[in-house]
Structures are given as structure tokens and as C-alpha cells.
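Q: Could you slot chain B onto chain A? The hints should help.
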Amino acid sequence: MTSVQEQVEQFLFHEVALLDHRDWDTWLELYADDATYSIPQGDPDHARKVSIVFDDKRRLVERVIRLKSGFAYSQEPSSITVHLVGNVMVVKADEASIQVASSLMVTEVRRGRQTVYAALVSHTLRPSGDSFLIAGKEIRLANSEVPLGNLTFIV
Amino acid sequence: MALTEAEKLITPDWMVHGSIYTDPDVFAAEQDEIFRHTWLFVAHESQLQNRGDYVTTYAGTQPVIVTRGSDDGAYHVLLNRCRHRGAAVCQSEEGNAAFFRCAYHGWTYTNTGELRGITYDQGYEGLDRSKLGLTRMPRVDSFAGFVFASFDEDGPTLMEHLGHAAPYLELVAAQGPDGIRLSAGSHQIAYDGNWKLQVENTIDNYHFGFVHRSFLEVLADRIGSPPPIIKNILTNEEWRTLDLGNGHSVHEFGDPKTGNNQGQLGDLPFNLIIFPNLCFVGAQLRHVLPKAADRTEVRLYPMLHEGESEAFNASILRTHEGFYGPAGMGGSDDVEVAFDRVSDGMRASEQDWLVMSRGLHREQAEPDGRIVGRADDEVPQRAFYRQWIRSVSREEIVR
Numbered sequence: 001m002t003s004v005q006e007q008v009e010q011f012l013f014h015e016v017a018l019l020d021h022r023d024w025d026t027w028l029e030l031y032a033d034d035a036t037y038s039i040p041q042g043d044p045d046h047a048r049k050v051s052i053v054f055d056d057k058r059r060l061v062e063r064v065i066r067l068k069s070g071f072a073y074s075q076e077p078s079s080i081t082v083h084l085v086g087n088v089m090v091v092k093a094d095e096a097s098i099q100v101a102s103s104l105m106v107t108e109v110r111r112g113r114q115t116v117y118a119a120l121v122s123h124t125l126r127p128s129g130d131s132f133l134i135a136g137k138e139i140r141l142a143n144s145e146v147p148l149g150n151l152t153f154i155v
Numbered sequence: 001m002a003l004t005e006a007e008k009l010i011t012p013d014w015m016v017h018g019s020i021y022t023d024p025d026v027f028a029a030e031q032d033e034i035f036r037h038t039w040l041f042v043a044h045e046s047q048l049q050n051r052g053d054y055v056t057t058y059a060g061t062q063p064v065i066v067t068r069g070s071d072d073g074a075y076h077v078l079l080n081r082c083r084h085r086g087a088a089v090c091q092s093e094e095g096n097a098a099f100f101r102c103a104y105h106g107w108t109y110t111n112t113g114e115l116r117g118i119t120y121d122q123g124y125e126g127l128d129r130s131k132l133g134l135t136r137m138p139r140v141d142s143f144a145g146f147v148f149a150s151f152d153e154d155g156p157t158l159m160e161h162l163g164h165a166a167p168y169l170e171l172v173a174a175q176g177p178d179g180i181r182l183s184a185g186s187h188q189i190a191y192d193g194n195w196k197l198q199v200e201n202t203i204d205n206y207h208f209g210f211v212h213r214s215f216l217e218v219l220a221d222r223i224g225s226p227p228p229i230i231k232n233i234l235t236n237e238e239w240r241t242l243d244l245g246n247g248h249s250v251h252e253f254g255d256p257k258t259g260n261n262q263g264q265l266g267d268l269p270f271n272l273i274i275f276p277n278l279c280f281v282g283a284q285l286r287h288v289l290p291k292a293a294d295r296t297e298v299r300l301y302p303m304l305h306e307g308e309s310e311a312f313n314a315s316i317l318r319t320h321e322g323f324y325g326p327a328g329m330g331g332s333d334d335v336e337v338a339f340d341r342v343s344d345g346m347r348a349s350e351q352d353w354l355v356m357s358r359g360l361h362r363e364q365a366e367p368d369g370r371i372v373g374r375a376d377d378e379v380p381q382r383a384f385y386r387q388w389i390r391s392v393s394r395e396e397i398v399r
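Respectively, the protein sequence lines represent chains A and B. Counting in full-length UniProt numbering, the first sequence runs from 1 upward without gaps. Counting in full-length UniProt numbering, the second sequence runs from 1 upward without gaps.
One chain only, chain A, in its complex shape (with noise of 0.2 Å):
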């Protein structure tokens, strides 16, 4: 039997995987339907500070939407992406929920220029069936408060 620590990571590696390979629908399905998804900028206050994304699923689906539109202009040629996750670590965990803290490293390819975006990550996974979906994540990226170009693909 598999431990919590290998499904879980095995869960953030296919996450990521989807995105890699623009597969948004499927991404869409391994969030919940109350799920939130942000990147804050420095300490997270997203009732009294602005965020660079702070969403609920219904707004997940709009950039799908939008992604998937051919008007997106700014992911028209869409970015390229490798997604490197490391230092997994199962952070609490009960019946319920169980916290996940990981790093990730994303490499981006778009308009000829290779740009690295690095974060530390957090996830809420909720149990369901025999995987996970995702009731929180939240991307801390080293570079949240330095002035950014374009991060419209899916970090």
C-alpha cells in the first residue's frame, strides 16, 4: 500500500503534468467546487490587500474559458512550461484535509525569452474516492512584489 506521502506527491507531479501539457479541462476537474487558487503578493490579507490572482473555481473556469477562446492574446502563442515540484511535505493531516508545503520551479517559454519563476507552494487536498482534489493552493512566488510581464499561463 502506498503511503500518504507518495500519493500525495504523485497527485502534485500529475497536477502539474496537466498543466504542462495544457490540459485544463482535466486540471479544472481536480478542484473542488469551493476551492480557492491565489498567488498574493507577500503576506496573503485578500480581504484588504490585491492579490495578482485570487480565485474561485467559477473564475478558474473563466481563464479556461478564456484560454481556450483563440482571442487570449497574451497566451496566443501559448507559453511553454515545465514545471519542476520538489520538497514535498505532508504538513498536517486528518480525515478530513491534509496540508501539503512543496517548492516549484517553472521554466516558461514564450516571444523567444526563457523567464524561471520559483515559489513555495501550499496545498489543501481534500480526500475523494482513492485521490484527491483541491480545496486550496496557494503559490507564494519569490518574485510576487517585483513589477512582472506576463504570467497568464497557469502558474
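Quick caveat, the hints were computed from the structure, so don't treat them as lab data. A couple of the hints might just be wrong.
[To be verified] Just a sample of chain B residues kept apart from chain A, beta carbon distances all over 10 Å, derived: (1) 36; (2) 58; (3) 112; (4) 118; (5) 152; (6) 185; (7) 186; (8) 191; (9) 222; (10) 258; (11) 259; (12) 298; (13) 305; (14) 327; (15) 333; (16) 362.
[Unchecked claim] Mimicking EDC-like on lysine to aspartate or glutamate, the simulated pairs with C-alpha atoms at most 20 Å apart in a straight line are: (17) 49/A with 221/B; (18) 49/A with 13/B; (19) 49/A with 308/B; (20) 57/A with 29/A; (21) 68/A with 221/B; (22) 57/A with 138/A; (23) 49/A with 138/A; (24) 49/A with 93/B; (25) 291/B with 145/A; (26) 49/A with 267/B.
Bear in mind that the values here come from a model prediction, so they are computed numbers and not experimental data. Ideal Cβ placement from N, Cα and C applies to all residues, glycine included.
A: This is chain B only, laid out in the frame that chain A set:
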């Protein structure tokens, strides 16, 4: 810039030369003739509520510290450069401090700019401390909570500069029941293109249905029917562009007190450009920071409503995030098309002219000097460049 050179950059029938966006000499002339003479936005008073509060920003390309003096409570705009050997004395974007102490050799300045302490000062003879304070921008003034400064000791007052734009700033300031505040931080974007591309794109209804087509599809899915914004742009006569004089312009979505862009972009009833680099759109204050002819940074500050609930203000943030910022579903397409693709395209310079005459034949001059056009006309672009060419040439060129 010599008058004869400036005159060649914009033709009487409104062809604009590409070098305006690409030539480092034009950029240098703009810094000398526009940014070192006109009034520049530096802060909003909600960022400086207490004595000693400060923010750092840029006046043109020059880094400045905007402070509220500990003793006088007045606004001061100080160049962020130690007078000794040039190090920036303040490293934070905001804070509260009575003094700024240079880390290099320990020279210390008050938050109104006086040189208070020179370390081991027996090493100097006859040094006049009174002349070695942090360099001050000589004129600082505020209107409706917006703090402006000028490097020029003379010239028009802030009110003379704002002119017909002043009532719109008052309307921005009255968005919340008790005013507005810039306490939510800002989005910061950067692109390899000219700063004027961002200013011009702030009021350009002509582009909306093209560049933002993917957002319109999102909007259609959100509201279950075709979004009304494009029809309004093309046919609603109450949606109009105005040249307000002195380079300022506005687009009104109907009544400037109650209008709505109908695009779920934020609730400001108009888009406003204050010459040269302050803009208002959606629910944001947009500060455009020129860095080089081909490099620009932009700070987008969501304006929260003073006197409204936290939940109300959070909804302002969520609406803003949906369209704007580096991951926004609209602003990112402006960066891609209106800045990056334009900058790429202008490298093809055989016919180095842009057409900025849209609506020239149908714009109407008002008796008070304002010029009124349709929503999708290039009235705001011409308003900007009328002042631009007057400023860079220091002559009254009529276009």
C-alpha cells in the same frame, strides 16, 4: 528639442512619427522638457496619514521620497540621494521615519530634507550644511487628496495645470462615502516598450472589442448574454471622449457621476488621463513610470472606498484582479498587443508613421476650449500629443 525637429514629429493631419516611441533622444527630451517642468503625481494623501509617513516613488525617472514632515505635517518631495556620495538613503516603499540615515557614511537627514548630522565632521572645513539637504522638489501641492510636485519653481499652478480635469479628480475622490484610500498595495507590471503606449491605451475604446475579445467571451459566459459594452462604444451618444486641455482627457460612460462601463472592470464612471502619466480606469489609479525609451513600469493601485465594509472593498479587489495585473484576463492582452506587438512592429521603420486622426472630422470644439468626440475616437490621444508637442518644443504649436 528644437522647434523644427518637434514640428516634424506630428503632421497637421495627425500622422505621428514612430521615433516618438523609440528614439532615446526623444525620451531624453521628454524628461527634460515635460517631466522637469510639469506637475507630477507622487502620492495620495491616504498613504501619508500620519506625520513621518513616507512612500518612495518616481518623479519621471528620478527616485523620490514623499514625506509628511514630523514638525510641519506638510508634504515634502525629496530626491532619494545622499548629497555626500550619492547613495539612495531610503530603501523601503513605505514607512514612518523621522530621519533618513545614509548607510554609506552615516549622513543623516530629517524627513523634511535638512542635513542634520555629518559623522566625524572635523574632517570638513567650511562645508555649508544648509546647502546640503536632500534635494527638494520646489513645488508641492495637492488637490482632492492627490499630491503633485514639480521640479520647476515657476510655471502654472497645480489648479491651472489641472483645469477642466479638476472636477473629475473630485469625482474620483468622492467614490466612497468618506472618500478613497490606496491601502491595498498595487499590481506592478513591466514591459519593453515606451511609456506613452500605456497612457494612450488607457482611453482607447476602439481597441476594446479586438484586444479584449477573450475577456468578452468570459463576460458573455458570466452574464449569459452578449456584453453591452461594445454596442455602447459604437452607438451610445452619451459615451463620449473629451479633450480637457493641457494634455488631459476623459471618456465618460454616460453621466460622470453615475455612468458604468458595463464591462465589470470596476465602477468608476469614466476613464481619466492626467498629463503626463497619471490615469484612472476601472477602480484603479494607474501610475505610469518611464524607465527608458523602450522600458516602462506601471503601478496599478486599486482604490478602496472609505466608509464601506471590508466585504465591499474585497469585491473591488476581486473585480480588479479579474481584468488587471500580470495575470489579469484583460490587461495582459493590452501588454501583449498594444505594447509588445506595437514595439515589435515599429522596428519595421520604412514608413515610420502612425495614424491618429480617428474622429478628427467629427469632433466638436466647445466654447470653453474642450473638444468632444465619440467613444471610439482618438480624441484622448490627440489631447495628449497637443500638450506633448507644446511641451517638448516649448512653443505654441497648434495641431
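Q: Run every hint past the structure and note whether it holds.
A: Status of the hints after comparison with the structure:
no.: 1; hint: 36; verdict: 24 Å, holds
no.: 2; hint: 58; verdict: 12 Å, holds
no.: 3; hint: 112; verdict: 29 Å, holds
no.: 4; hint: 118; verdict: 34 Å, holds
no.: 5; hint: 152; verdict: 29 Å, holds
no.: 6; hint: 185; verdict: 5 Å, violated
no.: 7; hint: 186; verdict: 7 Å, violated
no.: 8; hint: 191; verdict: 7 Å, violated
no.: 9; hint: 222; verdict: 7 Å, violated
no.: 10; hint: 258; verdict: 26 Å, holds
no.: 11; hint: 259; verdict: 24 Å, holds
no.: 12; hint: 298; verdict: 8 Å, violated
no.: 13; hint: 305; verdict: 13 Å, holds
no.: 14; hint: 327; verdict: 4 Å, violated
no.: 15; hint: 333; verdict: 5 Å, violated
no.: 16; hint: 362; verdict: 29 Å, holds
no.: 17; hint: 49/A with 221/B; verdict: 28 Å, violated
no.: 18; hint: 49/A with 13/B; verdict: 46 Å, violated
no.: 19; hint: 49/A with 308/B; verdict: 15 Å, holds
no.: 20; hint: 57/A with 29/A; verdict: 10 Å, holds
no.: 21; hint: 68/A with 221/B; verdict: 13 Å, holds
no.: 22; hint: 57/A with 138/A; verdict: 14 Å, holds
no.: 23; hint: 49/A with 138/A; verdict: 15 Å, holds
no.: 24; hint: 49/A with 93/B; verdict: 15 Å, holds
no.: 25; hint: 291/B with 145/A; verdict: 18 Å, holds
no.: 26; hint: 49/A with 267/B; verdict: 18 Å, holds
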